[in-house]
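A.B. asks: Next come the chains, spelled out residue by residue.
Protein chains: 2
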Amino acid sequence: MRIIVDAMGGDHAPDEIVRGALLAKKEYGFEIVLVGDEERIRPLVGSEDVTVIHASDAVTMEDDPTTVLRAKKDASMFVALRALANGEGDAVVSAGNTGALLVGATMLVKRIRGIRRAALALTMPTATGKCMLVDCGANVECTPAYLQQFALMGSYYAERVLKIENPRVALLNNGTEDHKGRELERETNALLKETQKNYIGNLEAREVVMGGADVVVTDGFTGNVLLKTVEGAGLFFAGMIKGMFKKNLLTKLSALAVKSGIMELKSKMDYNETGGTPLMGLSRAVIKAHGSSKAVSMKNAIRIAAEYVNTGIIADITRDIAKLTVEGEE
Amino acid sequence: MRIIVDAMGGDHAPDEIVRGALLAKKEYGFEIVLVGDEERIRPLVGSEDVTVIHASDAVTMEDDPTTVLRAKKDASMFVALRALANGEGDAVVSAGNTGALLVGATMLVKRIRGIRRAALALTMPTATGKCMLVDCGANVECTPAYLQQFALMGSYYAERVLKIENPRVALLNNGTEDHKGRELERETNALLKETQKNYIGNLEAREVVMGGADVVVTDGFTGNVLLKTVEGAGLFFAGMIKGMFKKNLLTKLSALAVKSGIMELKSKMDYNETGGTPLMGLSRAVIKAHGSSKAVSMKNAIRIAAEYVNTGIIADITRDIAKLTVEGEE
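Each protein sequence line maps, in turn, to chains A and B. According to numbering that gives the first Met the number 0, the residues represented by the first sequence are 0 to 329, in order. According to numbering that gives the first Met the number 0, the residues represented by the second sequence are 0 to 329, in order.
Misleading hints may appear alongside valid ones.
Same chains, same label: a pair holds when it works inside one copy or across any pair of copies.
Calculated pairs, BS3-like style, for lysine-lysine (alpha carbon to alpha carbon, straight line, at most 30 Å) [said to hold, decoys possible]:
(1) Lys179 to Lys109
(2) Lys179 to Lys293
(3) Lys71 to Lys196
(4) Lys192 to Lys258
(5) Lys251 to Lys192
(6) Lys25 to Lys179
(7) Lys25 to Lys192
(8) Lys241 to Lys196
(9) Lys293 to Lys196
(10) Lys192 to Lys72
(11) Lys246 to Lys162
No lab work stands behind these hints: they were computed from the structure.
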């Protein structure tokens with residue numbers, strides 16, 4: 000397994016990214032290719048046996064995803080994606096600008112034939128376990144046909160990577176009845192009823208968080224709102240709980256008693272533990288790590304990249320999507 | 000102040016609804032008009048001096064909002080709205096089907112001249128206080144012009160009812176930059192920059208929950224997702240905290256120490272404490288109480304209805320909207 004890492008992407012690049020890559024090398028024995036500013040990367044690598052590909056530029060969070068590929072064609076992210084397209088590795092992992100990664104991967108690595116849009120499939124903690132949210136930010140405007148494909152791809156991921164047997168697929172909606180939602184939801188619901196295995200219908204956001212489905216399909220705008228709301232609510236509650244325990248000596252002592260519980264709660268909500276999320280629908284494995292990734296979460300993202308490659312999902316989607324695509328349209 | 004109450008709306012109708020109305024009468028001295036099945040309501044009222052208007056039918060949560068006004072024209076909700084339109088009271092409060100209330104109020108009570116859509120403006124708890132979310136469920140498909148009006152109406156409400164001076168108005172988006180969002184957000188952001196007082200720009204859902212704005216504008220589909228996600232996250236965390244304290248004797252004892260903190264947290268997240276939320280943009284006061292309202296939350300919703308009437312918001316919106324509306328279009 001040979002993983003190409005965008006060493007310049009994310010809030011803590013390159014230091015934490017390189018450290019994470021070296022952790023993955025040590026723990027899983029993967030070959031590592033680091034892409035980025037060689038002068039900054041070499042000292043971080045030391046005597047470790049990794050390949051470094053120099054890239055003179057880097058995509059920042061402020062760059063406009065739609066134009067940055069032309070403006071910064073030698074950015075580490077794009078050099079990494081080209082290396083993947085050329086077969087110099089099995090997967091790319093980047094903690095950089097999500098939109099730029101989507102555009103770059105779509106242009107340089109290409110989608111699976113028949114796939115209309117690559118989607119970001121994030122694993123979200125729920126009250127009963129976890130669920131896949133597809134799309135959670137890549138495509139802000141979607142059609143029913145996109146969402147139909149997201150359902151198929153998310154279902155494979157839940158089955159193969161999260162090891163959920165017969166994952167329950169639902170459509171995020173503002174009610175469960177068939178007439179609920181925008182035109183997008185009404186049409187998608189009808190489409191999924193016909194085509195998607197284990198489709199359980201419309202699901203409200205509240206039930207999503209409570210664990211009502213294993214795969215939740217939505218457009219990238221709404222998915223982003225759901226995800227960021229859960230993140231915000233996590234911070235909100237964590238702050239309240241902190242305040243609750245800080246009141247006096249007695250409450251401080253009780254904090255000690257439930258310490259393990261608090262740690263558990265924290266780890267459940269910690270996105271760094273999850274690590275990475277694949278851009279599904281591409282012809283090769285491209286994994287987005289969280290922008291605030293530190294070493295451990297980069298290591299986890301790299302492990303997820305390898306798992307994604309090993310499951311053979313890409314081949315399965317390639318085969319199945321041909322059946323879904325209506326003759327003559329693409 | 001004379002409040003017309005839909006006695007048959009909500010999960011706990013008519014018992015809790017009537018009890019709540021009687022509480023409001025006692026506590027605030029309002030005149031109460033109860034609308035619904037007289038045979039069921041009379042025994043609940045006892046010797047109290049309230050007006051009862053008989054209605055032979057009731058809207059249920061399962062009724063389709065778009066057709067129920069024709070199908071059940073004698074439902075308590077619609078009888079109440081007609082009474083309001085006829086000047087038989089100052090406000091209607093209903094815990095019934097939101098969509099039906101919106102359609103019914105729009106048809107029977109009418110919008111303020113120039114207002115394109117009535118919107119549901121909910122007060123949501125945040126890390127630093129509360130914020131108004133408009134629209135949080137009434138209009139699933141919106142235009143920039145609708146959202147522009149939601150901003151204006153929400154801003155008035157935050158100022159007059161929540162008593163927030165110079166409320167900060169933001170647009171819910173998947174990022175802060177101008178290029179973020181769907182066409183709806185990009186156009187609305189440009190429009191609000193030009194016209195809305197104290198407009199602070201795009202805001203991500205995470206920052207909304209953390210208290211980044213006092214008024215958050217979005218379409219009713221996305222608003223519903225945000226709101227229901229916060230609700231779900233609240234239940235999710237409450238469950239985890241419960242589990243945390245239930246582990247052993249020591250953790251159970253510490254639960255006692257932080258009991259007041261837990262109660263505070265619970266009350267902050269409890270929608271029953273908030274009570275009711277106005278359908279803004281109508282020519283008269285129509286207040287939606289939470290579907291699961293019990294007596295105390297109905298009482299609060301009735302108090303909110305009176306406050307809404309007293310602030311004179313409707314007159315202000317009527318005046319200001321004329322300035323916003325472009326000549327020749329409506």
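A.B. asks: If a hint holds in the structure, say so; if it does not, say that too.
C.D. replies: Hint check results:
| no. | hint | result |
| --- | --- | --- |
| 1 | Lys179 to Lys109 | between (35 Å within a copy, 24 Å between copies) |
| 2 | Lys179 to Lys293 | between (41 Å within a copy, 26 Å between copies) |
| 3 | Lys71 to Lys196 | neither (42 Å within a copy, 38 Å between copies) |
| 4 | Lys192 to Lys258 | neither (46 Å within a copy, 47 Å between copies) |
| 5 | Lys251 to Lys192 | neither (52 Å within a copy, 47 Å between copies) |
| 6 | Lys25 to Lys179 | neither (51 Å within a copy, 40 Å between copies) |
| 7 | Lys25 to Lys192 | neither (46 Å within a copy, 52 Å between copies) |
| 8 | Lys241 to Lys196 | neither (43 Å within a copy, 36 Å between copies) |
| 9 | Lys293 to Lys196 | neither (37 Å within a copy, 40 Å between copies) |
| 10 | Lys192 to Lys72 | neither (43 Å within a copy, 34 Å between copies) |
| 11 | Lys246 to Lys162 | between (43 Å within a copy, 29 Å between copies) |
In summary, the numbered hints that this structure violates are 3, 4, 5, 6, 7, 8, 9, 10.
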